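Construct the complete structure from the given sequences, taking the supplied hints into account.
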Amino acid sequence: MALDKRSAGTGLLVEAKGLTVRFGASSALDGVDLTVSSGEIVSLIGPNGAGKTTLVRAVAGLVEASAGTLWRQPDLRIGYVPQRLSIDRVMPLTVRRLLSLAGRSSGAEIVSALAEVDAAALLKHAIHDLSGGEFQRVMLARALLRKPHLLLLDEPLQGVDLGGQLALYDLIGRLRRRHAMGVLLVSHDLHIVMAATDRVVCLNHHVCCSGAPESVRHHPEYTALFGAEAARRLAVYTHAHDHAHDLAGNPVAAADTNHADNEPEHLS
Amino acid sequence: MIEEFFLRALIAGVGVAAVAGPLGCFVVWRRMAYFGATLAHGALLGIALGLLIDVDPVFGIAASSVLIALIVTGLQRQGAIGGDTLLGILAHAGLALGLVALAFMSVRIDLMAYLFGDVLAVTWSDILWIYLGGTAVLATLALIWNTLLAITLNEELARAEGIDTARIQLVFMLILAVVIAIAMKIVGVLLIVSLLIIPAAAARPFARTPEQMAALAAAAGALSAAAGLFASLQWDTPAGPSIVAAATAIFALSFTFSGTLGKRAA
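Taken in order, these protein sequences are the chains called A and B.
Be aware that the first sequence starts at 1, since it is given in my numbering, and climbs by one per residue.
Be aware that the second sequence starts at 269, since it is given in my numbering, and climbs by one per residue.
Don't read these hints as lab results, they were simulated from the structure.
All figures in this text were calculated on a predicted structure; none of them were measured in a lab.
Certain hints may be false.
As the list claims (entries may be wrong) - Covered stretches of chain A, going by a simulated chain B footprint (3 or more residues, C-beta under 8 angstroms):
1) 52-63
2) 69-83
What the hints assert, rightly or not - Simulated restraints on C-beta separations:
3) 349(B) to 158(A): 31 to 39 angstroms
4) 433(B) to 84(A): 15 to 23 angstroms
5) 367(B) to 67(A): 48 to 56 angstroms
6) 400(B) to 76(A): 39 to 47 angstroms
7) 76(A) to 324(B): 43 to 51 angstroms
8) 33(A) to 365(B): 50 to 58 angstroms
9) 123(A) to 399(B): 33 to 41 angstroms
10) 251(A) to 423(B): 30 to 38 angstroms
11) 76(A) to 373(B): 53 to 61 angstroms
12) 480(B) to 15(A): 43 to 51 angstroms
Beta carbons: idealized from backbone N, C-alpha and C, even for Gly.
Written out as structure tokens, the structure reads:
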């Protein structure tokens with residue numbers, strides 16, 4: 001696939017400052033700061049209803065900011081894979097036809113985009129016969145056809161079995177390197193993120209904490225649990241909140257426990 | 269020897285059904301069957317008002333369709349009332365008000381012809397309208413085909429990729445109104461939606477792409493029109509309902525022989 005000559009490297013793609021999004025009386029996002037640069041993988045984690053999808057939709061230009069600013073690089077091309085995209089069985093559709101709808105792509109570009117996600121064999125398959133992992137690969141190929149500067153992946157591992165999840169993370173990491181894209185991805189797990197993640201942002205309407213994921217090498221228990229193969233691709237993120245949340249989700253001064261969100265126990 | 273009135277009916281019926289098929293695929297894909305029924309029932313009010321101010325029924329139908337679409341979009345956004353309830357209210361209010369308005373008319377009109385169609389009475393001028401309107405509808409549909417497909421697959425994704433979804437949906441709604449207007453003569457307001465959705469549903473098991481389904485739906489619709497009209501001639505049954513009965517038979521055959529209902533993958 002012919003790649004466009006984008007200014008590869010370190011450019012800032014998206015910058016949110018104090019981004020607030022209100023739906024009626026409640027704030028989905030409250031004063032969120034976020035940046036994503038070229039070649040960087042940012043993982044969003046947080047409890048259900050924390051505003052992760054709203055943040056991704058805001059970056060995609062689908063929701064307006066109620067306050068604060070969201071700056072996007074001029075002419076930013078986004079490859080978006082929404083959450084739980086399902087295609088009704090009543091619409092007959094092959095992989096090839098789905099990809100040809102993504103824009104003005106030639107047949108050769110479609111074949112090459114599918115090859116990039118290791119799914120060349122799926123070209124003529126019916127969409128409805130794909131497994132969860134295969135479908136996510138096809139959606140990634142669809143996003144690549146738009147030659148994006150920024151990939152927005154909302155829970156890309158949904159409906160994918162564990163083996164497939166590792167392979168998919170591996171693939172996202174490789175694509176990021178090859179195309180020097182920025183990647184903003186919503187992780188389905190509060191504690192486990194892609195090892196290649198540069199930055200983890202823990203969201204609960206506001207940014208609770210953010211930082212680099214700890215290396216899995218420091219977590220022998222984790223390696224024992226999931227195996228060495230998993231350790232190469234997944235990392236455990238240890239939250240470092242300086243506050244807790246009351247039942248309404250409002251931040252309060254930190255309790256003596258290390259973590260007061262209503263979440264399952266830490267793996268580490 | 270085929271008589272001329274029957275030949276006219278055949279040309280008109282096949283033409284309308286062939287246009288309704290591809291458009292009906294989108295009605296099926298977008299789950300708009302009840303929206304289509306609402307437009308069709310409301311069209312009776314449009315016809316009545318059109319007759320009152322002495323303009324062609326086609327314009328009355330177009331006006332009532334646009335009005336209904338605007339009301340549905342506006343009230344659905346408020347979310348105070350369920351979509352199915354809203355469509356039910358509008359459909360039956362349109363039908364009832366249309367019947368009431370027609371009762372005020374001084375001229376006697378053939379109500380049955382509006383409710384169930386009167387394809388055996390179509391004139392050459394009707395046929396001209398059907399083919400001009402049908403060509404315009406298919407040409408417009410071809411123009412917006414890929415965009416409308418993208419919106420149908422996932423509206424959020426389409427919007428994120430810069431598609432003006434509201435504009436395309438308005439165009440789709442307008443061509444739907446035109447099809448309802450030209451199909452009125454053939455099957456009447458009560459049966460129009462069947463010409464849209466039954467051939468499309470019959471085509472589904474044999475299609476691998478949206479385009480195949482549209483072409484098959486057009487063919488199934490045309491076949492239904494021809495078979496229904498010949499049945500009507502043979503057994504002296506009402507023409508419009510016979511066309512719908514033929515379409516239903518084709519649908520039943522299609523699903524029986526494809527076995528799709530049984531081998532649906534999990």
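Fill in: Consistency of beta-carbon spacing, residue 373(B) to residue 76(A), with hint 53 to 61 angstroms
Given about 60 angstroms between the Cβ atoms, the range holds.
Worksheet item: Taking 43 to 51 angstroms as the hint, is the beta-carbon distance of residue 480(B) and residue 15(A) inside that range?
Response: 46 angstroms, holds
Worksheet item: Lying within 15 to 23 angstroms: is that true of the beta-carbon distance residue 433(B) to residue 84(A)?
Response: Since the Cβ atoms of residue 433(B) and residue 84(A) sit about 19 angstroms apart, the hinted range of 15 to 23 angstroms holds.
Discussion item. So is the segment 69-83 of chain A in contact with chain B by the C-beta rule, three or more residues under 8 angstroms, or is the coverage claim wrong?
Written reply: holds (count 3)
Discussion item. Assuming the hint says 30 to 38 angstroms, is it satisfied by the Cβ distance from residue 251(A) to residue 423(B) or not?
Written reply: The hinted range 30 to 38 angstroms holds for residue 251(A) and residue 423(B), with Cβ atoms some 35 angstroms apart.
Worksheet item: Is 50 to 58 angstroms right for how far apart the beta carbons of residue 33(A) and residue 365(B) are?
Response: 56 angstroms, holds
Worksheet entry | Residues of the segment 52-63 of chain A with Cβ under 8 angstroms from chain B, three needed, outcome | holds (count 4)
Worksheet item: Could one say that the CB atoms of residue 349(B) and residue 158(A) fall in the range 31 to 39 angstroms?
Response: 32 angstroms, holds
Item to complete: With 39 to 47 angstroms as the target window, see if residue 400(B) and residue 76(A) comply at their CB atoms.
Response: Holds: the Cβ-Cβ distance is about 45 angstroms, inside 39 to 47 angstroms.
Fill in: CB-CB spacing for residue 324(B) and residue 76(A) relative to the 43 to 51 angstroms hint
Check passed, 50 angstroms falls within 43 to 51 angstroms.
Practice prompt. Could you tell me whether the CB distance from residue 123(A) to residue 399(B) stays inside 33 to 41 angstroms?
Written response: 39 angstroms, holds
Fill in: Range hint compliance [Cβ, residue 367(B) to residue 67(A), 48 to 56 angstroms]
53 angstroms, holds
Comparing the model with each earlier hint shows no violations; every hint is respected.
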